[in-house]
Amino acid sequence: MELTEIFMKLVGNNLIELTSLVFSVLALIISSGIAIKGWWRHRNIYKVELHEIITNIAIGIPTDPMFQAREINEKLSSGNYTIMHTEKNSSGYQILLGKIKK
Numbered sequence: 001m002e003l004t005e006i007f008m009k010l011v012g013n014n015l016i017e018l019t020s021l022v023f024s025v026l027a028l029i030i031s032s033g034i035a036i037k038g039w040w041r042h043r044n045i046y047k048v049e050l051h052e053i054i055t056n057i058a059i060g061i062p063t064d065p066m067f068q069a070r071e072i073n074e075k076l077s078s079g080n081y082t083i084m085h086t087e088k089n090s091s092g093y094q095i096l097l098g099k100i101k102k
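For the sequence shown, the working numbering gives the first residue as 1, with consecutive numbering after it.
Read the hints as simulated data drawn from the structure, not as lab findings. If you're wondering where the values come from, they're calculated on a predicted model, not measured in any experiment. Any given hint could turn out to be false.
To be verified - With a straight-line Cα cutoff of 27 Å, these simulated DSS-like cross-link-like pairs (lysine-lysine) come out: (1) K47 x K75; (2) K47 x K37; (3) K37 x K101; (4) K101 x K47; (5) K99 x K88; (6) K47 x K88; (7) K47 x K9; (8) K75 x K37; (9) K37 x K88; (10) K75 x K88; (11) K101 x K75.
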């Protein structure tokens, strides 16, 4: 028997199963490609900046909390920044801002 005869005999008996396998593998490849493309595009879209608003004057750092708040407010008003995390500590607030990379 020739190789083509063996192949045709194998494919002829299992044509539906072979077609199903080909479409399953093709669907897996396409969905994996879409997932990887989406992850690659959105993997690192923020440039992170840490801002600290000092409200406790007793620690001896001469800062103006209103100036710091205005600076953060200006960044948020620009539309390029978003608040990623806030935390209150003993000396004031820590605000983690993320700038959207273009």
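Report task. Could you check the structure against the hints above and give me the numbers of any it violates, in ascending order? Result -> Hints 7, 8, 9 are the ones this structure does not satisfy, whereas the remaining hints hold.
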